[in-house]
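Asks: So you can see what is in the structure, the chains are spelled out below.
Number of protein chains: 2
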Amino acid sequence: MHTILRSATREVIIGIDRPFVMIGEKINPTGRKKLAAALSEGNLDYARQLAESQVAWGADVLDINVGVPGLDEVAVVKKLVEMLVSVVDVPFCLDSANPQVLAAGLAAAPGKPLVNSVSGEEKKLDTVLPLVKDRGAAVIGLTMDDNGIPKTPEERLSVAEKIIERAAKMGIPVEDIIIDPLVLTVGSDSKAALVTLQTVDLLRKEFGVNINLGASNVSFGLPDRPTVNQAFLTLAIQLGATCSITDPAKLGATVKAADMLLGRDDNSMRYLKYFRAAEKLRTAEAEKTV
Amino acid sequence: MHTILRSATREVIIGIDRPFVMIGEKINPTGRKKLAAALSEGNLDYARQLAESQVAWGADVLDINVGVPGLDEVAVVKKLVEMLVSVVDVPFCLDSANPQVLAAGLAAAPGKPLVNSVSGEEKKLDTVLPLVKDRGAAVIGLTMDDNGIPKTPEERLSVAEKIIERAAKMGIPVEDIIIDPLVLTVGSDSKAALVTLQTVDLLRKEFGVNINLGASNVSFGLPDRPTVNQAFLTLAIQLGATCSITDPAKLGATVKAADMLLGRDDNSMRYLKYFRAAEKLRTAEAEKTV
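Chains as they are written, first to last, in numbering that gives the first Met the number 0: chain A, 0 to 289; chain W, 0 to 289.
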């Protein structure tokens with residue numbers, strides 16, 4: 000099953016038989032004071048830098064979230080998307096809890112964008128799916144509903160099924176739905192990662208849908224988070240995850256290594272290409288700081 | 000299925016429901032000139048340092064190989080094992096292509112040691128299995144035979160079956176056989192890692208035996224080898240590998256992270272303990288070099 004996203008000029012295909020897709024996470028002011036301040040001042044320059052840098056580091060898609068308290072997000076997302084179109088040629092993933100912001104972003108984005116996100120919550124289903132349908136977009140569906148995040152893989156599968164069925168009724172095909180089985184922090188629940196991995200496995204076997212994962216939440220509160228995040232993403236890729244909203248500079252090498260080890264990279268071409276590009280970026284950054 | 004190894008004082012249990020076991024690889028002069036020179040001079044001090052350091056970094060078992068051209072290996076392995084018994088309390092893994100060296104090491108080692116290795120080669124089966132049986136040891140069985148290393152997972156499984164059957168005929172129980180499905184370099188064969196991973200999966204499902212892997216051969220010739228090795232070991236652990244002959248300082252954190260993410264580390268206790276110990280070792284080493 001292929002989820003196809005498009006920018007004005009480029010097509011990104013997400014699928015189990017394709018290279019793992021990285022969705023750059025950094026254009027999101029949550030926890031990024033510098034970005035929040037810049038957006039509040041109407042300065043889009045820092046967001047532009049983040050976009051360029053993430054694409055250079057291998058982001059195939061860019062998540063765009065402008066959630067800053069007090070900001071006119073509808074106006075800002077429009078301006079930001081229009082600006083970004085001129086500097087990067089990747090598809091966008093519009094990310095907001097506010098349907099009006101999603102609508103504004105979807106209207107401004109070219110090609111076929113992705114929406115982050117719907118869930119099994121009735122209000123979300125009712126407000127987000129029509130936007131997705133009208134725009135002919137794809138959407139990330141989180142496995143949580145009005146009762147919260149289910150504890151077991153089977154229950155999370157049921158939420159995914161509900162999202163897929165509701166979307167189907169509206170005419171949104173299953174290949175345009177990417178399920179995110181959600182991961183809680185393993186530091187507070189020893190089985191948290193396992194439940195998510197088991198959900199990935201079930202989703203792959205039962206529905207064959209594309210699967211997205213945030214790869215950093217799992218390590219919250221633990222030391223040496225990169226090692227935990229890298230291991231988690233590797234485990235999830237083997238079970239069938241096909242994309243991740245993540246920092247490509249931190250997890251790109253692991254993603255390319257996993258693709259290569261799983262036999263999806265003939266002659267290690269993409270692994271080697273990524274390594275060379277990363278070396279150049281590291282050298283350039285080192286020179287900048289000298 | 001549990002493979003139990005013993006030192007004079009300590010028991011190490013290898014099994015899918017247990018923490019992943021690391022067998023320290025460094026007491027092996029192949030590619031280690033300093034160790035080769037020390038052993039040739041009859042100096043065991045460097046080997047002692049390697050033993051202590053690897054155990055400090057989390058090695059559960061120590062591989063012992065004294066293969067230096069021209070050396071009286073039978074005499075040296077005896078002296079070395081007798082010395083090491085007084086400094087570390089982990090079980091030993093006797094590693095040699097020479098059955099007489101294995102015999103000498105097995106005679107000197109306390110408890111229940113491991114033998115590295117037998118294979119499906121007739122000569123190996125005939126010479127190594129009797130040593131294992133007589134000593135009541137466990138043994139690593141490599142999935143290669145007189146025709147070399149088979150290309151397909153199914154053929155490698157057949158070699159494993161042959162080893163297990165021949166051992167059974169001699170009275171060596173299957174739980175004392177750890178199968179090593181072998182990994183070639185992914186840099187020269189894009190499907191090399193995949194074939195090994197598929198063999199791990201088959202071995203786990205068909206035989207339920209313990210499975211060992213060398214985790215560094217896979218990345219030979221590639222840049223950023225640690226990232227590839229870490230990803231490979233993580234993939235293999237998820238499919239059922241239960242031990243690895245490796246450098247615990249390089250792969251220990253990944254192993255503990257994988258155990259934790261797979262739900263085998265209540266309250267992240269072992270992960271946190273390992274991190275704290277590693278931090279102390281890094282601090283001590285940094286102070287030494289100042």
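A few of these clues could be false.
Treat identical chains as interchangeable: a pair holds within one or across any two.
Here are the simulated lysine-lysine pairs, DSS-like style, with alpha carbons at most 30 Å apart [claimed, not checked]: (1) Lys-122 / Lys-287; (2) Lys-204 / Lys-150; (3) Lys-190 / Lys-33; (4) Lys-150 / Lys-32; (5) Lys-132 / Lys-33; (6) Lys-190 / Lys-132; (7) Lys-111 / Lys-204; (8) Lys-287 / Lys-77; (9) Lys-272 / Lys-287; (10) Lys-32 / Lys-168; (11) Lys-161 / Lys-123; (12) Lys-33 / Lys-150; (13) Lys-150 / Lys-272; (14) Lys-287 / Lys-111; (15) Lys-249 / Lys-168; (16) Lys-272 / Lys-190; (17) Lys-190 / Lys-279; (18) Lys-122 / Lys-161; (19) Lys-249 / Lys-190.
Simulated from the structure, these hints should not be mistaken for laboratory data.
Asks: Against this structure, judge whether each hint is valid.
Replies: Here is what the structure says about each hint:
1. Taking identical chains as interchangeable, the C-alpha atoms of Lys-122 and Lys-287 are never at most 30 Å apart, the minima being 48 Å within one chain and 61 Å between chains.
2. Taking the shortest alpha-carbon separations for Lys-204 and Lys-150, both the intra-copy value of 19 Å and the inter-copy value of 27 Å come in at or below 30 Å.
3. In this assembly of identical chains, the alpha carbons of Lys-190 and Lys-33 never lie at most 30 Å apart, being 35 Å within a copy and 44 Å across copies at closest.
4. Taking CA atoms no more than 30 Å apart as the test, Lys-150 paired with Lys-32 passes in neither setting, with 33 Å inside one copy and 54 Å between copies.
5. Taking CA atoms no more than 30 Å apart as the test, Lys-132 paired with Lys-33 passes in neither setting, with 35 Å inside one copy and 67 Å between copies.
6. With identical chains, the CA atoms of Lys-190 and Lys-132 are never at most 30 Å apart, being 36 Å at best within one copy and 40 Å at best between copies.
7. When the C-alpha separation of Lys-111 and Lys-204 is checked against a cutoff of 30 Å, the pair qualifies only within one copy, where the shortest distance is 27 Å, while the shortest distance between copies is 42 Å.
8. With identical chains, the CA atoms of Lys-287 and Lys-77 are never at most 30 Å apart, being 32 Å at best within one copy and 57 Å at best between copies.
9. In this assembly of identical chains, the alpha carbons of Lys-272 and Lys-287 lie at most 30 Å apart only when taken from the same copy (23 Å versus 38 Å across copies).
10. Proximity of Lys-32 and Lys-168 under a CA criterion of 30 Å is satisfied in neither setting, with 41 Å inside one chain copy and 69 Å between copies.
11. With identical chains, the CA atoms of Lys-161 and Lys-123 are at most 30 Å apart within one copy only, with a shortest distance of 12 Å there and 58 Å across copies.
12. Taking identical chains as interchangeable, the C-alpha atoms of Lys-33 and Lys-150 are never at most 30 Å apart, the minima being 36 Å within one chain and 54 Å between chains.
13. Taking the closest pair of Cα atoms, Lys-150 and Lys-272 come within 30 Å of each other only across two copies (28 Å); inside a single copy the shortest separation is 40 Å, beyond that limit.
14. Taking the closest pair of Cα atoms, Lys-287 and Lys-111 never come within 30 Å of each other, the shortest separation being 36 Å inside a single copy and 57 Å across copies.
15. With identical chains, the CA atoms of Lys-249 and Lys-168 are never at most 30 Å apart, being 39 Å at best within one copy and 52 Å at best between copies.
16. Taking the shortest Cα distances, Lys-272 and Lys-190 sit within 30 Å of each other only across copies (18 Å), while inside one copy they are farther apart (36 Å).
17. Proximity of Lys-190 to Lys-279 under the C-alpha cut-off of 30 Å is restricted to the inter-copy arrangement: shortest distance 28 Å between copies versus 39 Å within a copy.
18. In this assembly of identical chains, the alpha carbons of Lys-122 and Lys-161 lie at most 30 Å apart only when taken from the same copy (13 Å versus 60 Å across copies).
19. In this homomeric assembly, Lys-249 and Lys-190 come within 30 Å of each other (Cα to Cα) both inside a single copy, at 25 Å, and across copies, at 26 Å.
In terms of the numbered hints stated before, the structure departs from hints 1, 3, 4, 5, 6, 8, 10, 12, 14 and 15, listed from lowest to highest.
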